[in-house]
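Sequences are here, hints too, so could you generate the full structure?
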Amino acid sequence: MIKVLYFARLREELKTESEELALDASTADIIALKLKLSARGDIWSDIFAGDETVMAALNQEVAKPDDKLKDGDEVAFFPPVTGG
Amino acid sequence: MIKVLYFARLREELKTESEELALDASTADIIALKLKLSARGDIWSDIFAGDETVMAALNQEVAKPDDKLKDGDEVAFFPPVTGG
Amino acid sequence: MMKEIRVQFETLDPYKEIDTLRADNKAIGAVVNFIGLMRDFNEGDSVSQMSLEHYPGMTEKALEKIVDEASQRWELLGVRVIHRVGDLDPLDPIVLVAVASAHRGEAFKACEFIIDFLKTRAPFWKKETTADGSRWVDARHTDDEAEARWQS
Amino acid sequence: MMKEIRVQFETLDPYKEIDTLRADNKAIGAVVNFIGLMRDFNEGDSVSQMSLEHYPGMTEKALEKIVDEASQRWELLGVRVIHRVGDLDPLDPIVLVAVASAHRGEAFKACEFIIDFLKTRAPFWKKETTADGSRWVDARHTDDEAEARWQS
Chain L
1 MIKVLYFARL
11 REELKTESEE
21 LALDASTADI
31 IALKLKLSAR
41 GDIWSDIFAG
51 DETVMAALNQ
61 EVAKPDDKLK
71 DGDEVAFFPP
81 VTGG
Chain S
1 MIKVLYFARL
11 REELKTESEE
21 LALDASTADI
31 IALKLKLSAR
41 GDIWSDIFAG
51 DETVMAALNQ
61 EVAKPDDKLK
71 DGDEVAFFPP
81 VTGG
Chain U
1 MMKEIRVQFE
11 TLDPYKEIDT
21 LRADNKAIGA
31 VVNFIGLMRD
41 FNEGDSVSQM
51 SLEHYPGMTE
61 KALEKIVDEA
71 SQRWELLGVR
81 VIHRVGDLDP
91 LDPIVLVAVA
101 SAHRGEAFKA
111 CEFIIDFLKT
121 RAPFWKKETT
131 ADGSRWVDAR
141 HTDDEAEARW
151 QS
Chain C
1 MMKEIRVQFE
11 TLDPYKEIDT
21 LRADNKAIGA
31 VVNFIGLMRD
41 FNEGDSVSQM
51 SLEHYPGMTE
61 KALEKIVDEA
71 SQRWELLGVR
81 VIHRVGDLDP
91 LDPIVLVAVA
101 SAHRGEAFKA
111 CEFIIDFLKT
121 RAPFWKKETT
131 ADGSRWVDAR
141 HTDDEAEARW
151 QS
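Protein chains in written order, with the numbering used here: chain L, 1 to 84; chain S, 1 to 84; chain U, 1 to 152; chain C, 1 to 152.
It should be emphasised that the hints constitute simulated quantities derived from the structure, not laboratory data.
The reader is advised that the hints may include incorrect statements.
[To be verified] Here are the simulated DSSO-like pairs of lysine-lysine, each with C-alpha atoms no more than 30 Å apart in a straight line:
#1 C/65 <-> S/70
#2 L/36 <-> U/61
#3 U/127 <-> C/109
#4 C/61 <-> U/109
#5 U/3 <-> C/16
[Unchecked claim] Across the chosen pairs, the derived CB separations fall in these ranges:
#6 C/26 <-> S/20: 51 to 59 Å
#7 L/49 <-> U/144: 18 to 26 Å
#8 C/27 <-> S/22: 50 to 58 Å
#9 S/16 <-> C/147: 23 to 31 Å
#10 U/56 <-> L/23: 17 to 25 Å
#11 S/50 <-> U/41: 57 to 65 Å
#12 L/66 <-> C/147: 44 to 52 Å
#13 C/140 <-> U/144: 30 to 38 Å
#14 L/24 <-> U/89: 45 to 53 Å
#15 C/69 <-> L/18: 47 to 55 Å
[To be verified] Stretch by stretch, here's where chain U covers chain C in the computed footprint (C-beta under 8 Å, at least three residues):
#16 11 to 23
#17 28 to 36
#18 39 to 47
#19 103 to 116
A virtual CB, placed ideally from N, CA and C, is assigned to each residue, including glycine.
What follows is the structure, encoded as structure tokens:
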């Protein structure tokens, strides 16, 4: 299993704070996971296959698209940060 | 007349805080004034004709060596500044 | 080096933090601090309130990393980074970055470095309330440029 | 722009000054402060006390000029420069340069510009007391370099 978190605008638009997904070929790496999420259609496809920048973190560090996922990983998706 | 002020290390070494001098050829500009002061000999010559940097101000603004002096002017001599 | 990194819902008192940073260390010759404050105006609109969300866990890790990088680049005697989350009103401090060192050059550089990277790397998101309702604040292009300066 | 320039014998309270700078101005998004503090160590020796002399009249003129130059270069909402003179003990604040603006880049630059020029242009002189007696502090070459950066 992997845990997926959504923050800020994404959390609100997707009406999802977090979810757990099985680890398989469709969740093998960050880019596969994004494809899987965008395949849900509607707002999911707008966000994960659209023009807006979506940042990804893996285990609380900035992730690269080809970062592999393993059991127990925590993935997070969020818009560009705006703190400070 | 012109007023001449000395600050910090100079004030202490010259044992003079301020003095008034007549305005004549020997006080026509900053460089003439420095020559006049160094001609007093001893510590005066050490300071005004020596290796140490002496800064000059004319009417409370940084002065250039060839700045002309006029009646009522305030000249100040001091070491490089060390505030802040 | 004394280091404190904190994310808090409570009101941020920048002076208490700077005082703690300075306390009893007679080797400190320079303290440079940045206080980020809530403005009542953004992108042409009046803003009456703001709410700050973050990613607990990742935030602290990201800030630790930024501060560690700064303390490797410059000789520092202390760093405090305190960031508000939750609801804020105009005039409220959002963030304090306080840096102490023996001389000023290092403190200035480290302080600006930390806030520049915080702005682009630390997972905080602002939502502001205007007359038209609430909206998420967009990331600034100028923040990316500010970060990029440090690559050279 | 709110501007305050002061030379004082009284203890300098940097927090009161920063608070006054910020007060009620909801357009201020960034405050950058430099606090220069008395260290107990200089040029390899322990320093127990310090005394600061200045040139009344010229000091204020020089500081005004530096602050005016900064406010022409950058868009600022407020500047406070407060400098101590007289006798100081280790840990005492010597100088505060506080700069407020809408965004941080300008506040950082203006704050560093003002302290860099103050260090080379404002007529203050430090005399420090060590175990061997008292001595005038020599000007730092690095301060000239810091000032020179702004010429480009």
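Legend entry - Indices of hints not satisfied (ascending): Those not satisfied: there are none.
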